[in-house]
Amino acid sequence: KENRSSLLEGFANYRGTLDCTELWKERRRTFALATTASNCSEVVNQMLMADSQDLVASQSQDSNATHPTPSTI
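Going left to right, the sequence shown walks through residues 1 to 73 as full-length UniProt numbering numbers them.
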């Protein structure tokens, strides 16, 4: 009976270690995904900001240009 108890306790400790290991693996994976998503989001935001600034500058130049008026007869 003592041997069985010792084996069960050892097994419980082993299972706890596996669960703990899996927990930390999952946390590392989640952190890596979050970091990657954050970095990608930052890059995309910078690209969108640059594109929108180019668009605003283009529209500003178009509105400042003199457009010839059609001649009236």
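Among the hints, a few may not be true.
[To be verified] Quick list of the computed label-pair ranges, beta carbon to beta carbon: (1) K25 with Q61: 52 to 60 angstroms; (2) S58 with E22: 47 to 55 angstroms; (3) A34 with L55: 27 to 35 angstroms; (4) L55 with C20: 33 to 41 angstroms; (5) A32 with G10: 30 to 38 angstroms; (6) A37 with N3: 46 to 54 angstroms.
Because the hints were derived from the structure by calculation, they are not lab data.
Ideal Cβ placement from N, Cα and C applies to all residues, glycine included.
Structure-based check of all given hints:
no., hint, result
1, K25 with Q61: 52 to 60 angstroms, "holds, 54 angstroms"
2, S58 with E22: 47 to 55 angstroms, "holds, 53 angstroms"
3, A34 with L55: 27 to 35 angstroms, "holds, 31 angstroms"
4, L55 with C20: 33 to 41 angstroms, "violated, 52 angstroms"
5, A32 with G10: 30 to 38 angstroms, "holds, 33 angstroms"
6, A37 with N3: 46 to 54 angstroms, "holds, 51 angstroms"
Hint violations for this structure: number 4 only, all remaining hints satisfied.
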